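Top line first, the protein sequences correspond to chains A and B. Adding 16 to a residue's 1-based position in the first sequence gives its number in my numbering. Adding 16 to a residue's 1-based position in the second sequence gives its number in my numbering.
I should point out that these hints are in silico values taken from the structure, not numbers from a laboratory. Since this is a predicted model, take the numbers as computed values, not measurements. Keep in mind that the hints are not guaranteed to be accurate.
Note: identical chains are not told apart, hence a pair may lie in one copy or across any two.
What the hints assert, rightly or not - When the alpha-carbon atoms are kept at most 25 angstroms apart in a straight line, the in silico DSS-like pairs for lysine-lysine are as follows:
{"#": "1", "residue 1": "227", "residue 2": "336"}
{"#": "2", "residue 1": "147", "residue 2": "336"}
{"#": "3", "residue 1": "306", "residue 2": "109"}
{"#": "4", "residue 1": "308", "residue 2": "244"}
Below are the chains, spelled out letter by letter.
Protein chains: 2
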Amino acid sequence: MSKIQLVMGIDVGGTNTAFGFVDRKGKLIYDASLPTKAELDARQLFERIFNAANKSFKKFEKKYELVGIGIGAPNANYYKGTVEKPPNLNWGKVNVVKLIKEFSDLPVVITNDANAAALGEMIFGAAKGMKNFIVITLGTGLGSGIVVDGNLVYGSDGFAGELGHTTYDPNGRLCGCGRLGCLETYASATGIKRTALELMAKYPYPSSLRKLNCEKLSAKDIYNAAVKGDKIALEAFDYTAKALGFKLADTVVHLSPEAIILYGGLALAGDLIIKPTKKYMERQMLNIFKNKVKIIPSALPGKGAGIMGAAALIWNELEKI
Amino acid sequence: MSKIQLVMGIDVGGTNTAFGFVDRKGKLIYDASLPTKAELDARQLFERIFNAANKSFKKFEKKYELVGIGIGAPNANYYKGTVEKPPNLNWGKVNVVKLIKEFSDLPVVITNDANAAALGEMIFGAAKGMKNFIVITLGTGLGSGIVVDGNLVYGSDGFAGELGHTTYDPNGRLCGCGRLGCLETYASATGIKRTALELMAKYPYPSSLRKLNCEKLSAKDIYNAAVKGDKIALEAFDYTAKALGFKLADTVVHLSPEAIILYGGLALAGDLIIKPTKKYMERQMLNIFKNKVKIIPSALPGKGAGIMGAAALIWNELEKI
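Go ahead and model the full structure; you've got the sequences and the hints to work with.
What follows is the structure, given as structure tokens:
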């Protein structure tokens with residue numbers, strides 16, 4: 017009996033790195049995660065990942081075979097196989113595809129986490145059957161994966177799809193990239209925290225958020241307060257959605273997507289973020305695009321979505337061959 | 017002896033419509049133009065065009081044969097073959113591809129003028145050999161044609177590439193589309209006129225432009241004044257370039273193009289517009305894209321460029337079959 021094919025998806029994050037085994041239909045057979053240890057180099061991370069993965073795979077090897085490895089990582093370059101100066105990892109520039117050869121002979125592909133998410137949605141999630149769509153990842157920052165005619169847009173150098181660094185307010189918030197007013201300083205888990213602080217400064221309304229530690233205050237805290245009707249928290253979601261919706265109207269005139277899919281931590285707020293984002297996007301929209309572009313939530317599983325994206329990347333690649 | 021193949025390119029403008037015969041190498045064998053008569057319907061225009069074209073072609077028919085018709089027109093939809101409510105033509109919604117069947121049996125393709133310009137640059141002009149680039153047409157408005165991996169981006173509905181309606185200033189100038197601060201209200205032949213008026217209001221400097229009729233003042237007048245060192249005119253170019261460069265930095269993070277090609281009336285100002293646009297774009301650029309993206313002028317002939325674009329469109333289509 018021939019074995020069932022699986023791929024390994026690896027989702028590299030600033031805090032934790034998750035890996036798992038995924039079949040062609042998108043079933044996540046096994047997953048686990050390890051602390052990334054951002055201060056160490058890339059080799060040490062992948063050594064630990066492959067040790068753990070090889071061990072875990074033993075119980076599957078009778079029935080399954082591994083046929084490829086997909087990796088989603090910050091600042092990854094699909095063309096070169098590299099990760100270049102990721103903001104939250106002390107890696108410098110490293111050729112990950114070459115590095116992995118030390119641990120495995122399987123085909124390896126890498127792309128940034130947002131592009132992996134876009135492929136995950138296209139192959140297993142909310143964008144099944146779509147040819148033109150955009151995935152916006154709302155995590156610590158704002159990432160994006162753009163699909164045109166069924167293919168990811170990499171651009172001339174592999175770095176296309178950095179919508180987090182479109183400018184929302186040229187005199188606005190200082191971004192980690194050194195510029196002012198980037199969209200991700202407003203529309204991201206970090207952005208909504210900054211907004212909550214700004215709104216607590218602006219308005220005298222009581223808010224449960226005022227009782228929290230300024231630094232530790234999280235997007236989740238703001239969500240929890242918003243569902244209880246906290247005025248500051250609700251306003252923070254509205255403000256976030258306004259920035260995002262406003263800039264998405266710009267994105268739509270570039271690409272005319274069928275849908276925009278919101279993915280990642282902040283997107284889990286569901287209608288609290290999706291409804292006002294749609295409202296502000298429509299308000300700003302050029303007539304010919306009005307009421308055409310859906311905004312929908314990710315349909316990948318909350319936990320394991322990054323692994324699914326990385327797995328979709330390699331499945332997509334294996335099918336090109 | 018077999019005849020040499022030619023296509024007919026038609027470039028529909030608000031004032032004049034040009035047509036011509038172009039060979040596969042981009043040689044414009046013959047061209048002519050007629051007043052569009054924007055107040056009349058589409059049939060009347062194409063009837064006059066085909067009457068004139070059939071007559072003109074007589075002297076070529078021994079040596080050449082026509083194999084297709086490409087049309088560039090405002091608000092044209094490649095997928096549907098339609099032109100929908102063009103701003104400067106009293107056409108309403110019309111299926112041009114179907115209409116043309118009354119006048120010719122040849123294959124017909126239509127797209128908007130900016131997309132035609134992009135194909136013209138790719139096949140005959142400044143983007144030869146490029147796979148990822150953007151053409152910005154700076155005429156009465158600002159149009160754009162986006163090429164990703166060697167293909168025009170049409171998006172889900174055929175209307176992708178409306179960069180003229182990205183927002184430069186949300187509290188800014190009223191646009192023909194009804195919104196405020198669209199890029200084309202700043203970066204276009206009309207935009208630079210508005211800028212010149214604004215600068216004449218703002219500064220007390222003497223300027224040769226002050227002697228002109230406010231309404232008739234043209235981008236060409238501003239160019240002529242600028243080359244003579246007129247302070248208002250020079251400032252108007254700088255201001256135009258600032259808006260364009262600023263927004264192009266947003267476009268680059270979407271698409272990571274190899275080059276941005278400036279096309280059309282205002283682009284003829286050459287370094288007066290290209291140099292400051294590049295400067296402002298770089299100033300606003302996300303680090304990973306700095307000093308990577310060229311801004312270059314169109315390499316299509318000034319007169320006949322629209323015909324060449326329309327011809328490139330149909331040549332490109334004929335080769336897909």
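Looking back at the numbered hints, which does the structure fail to meet, lowest number first? Violated hints (numbers, rising): 1 and 4; every other hint is consistent with the structure.
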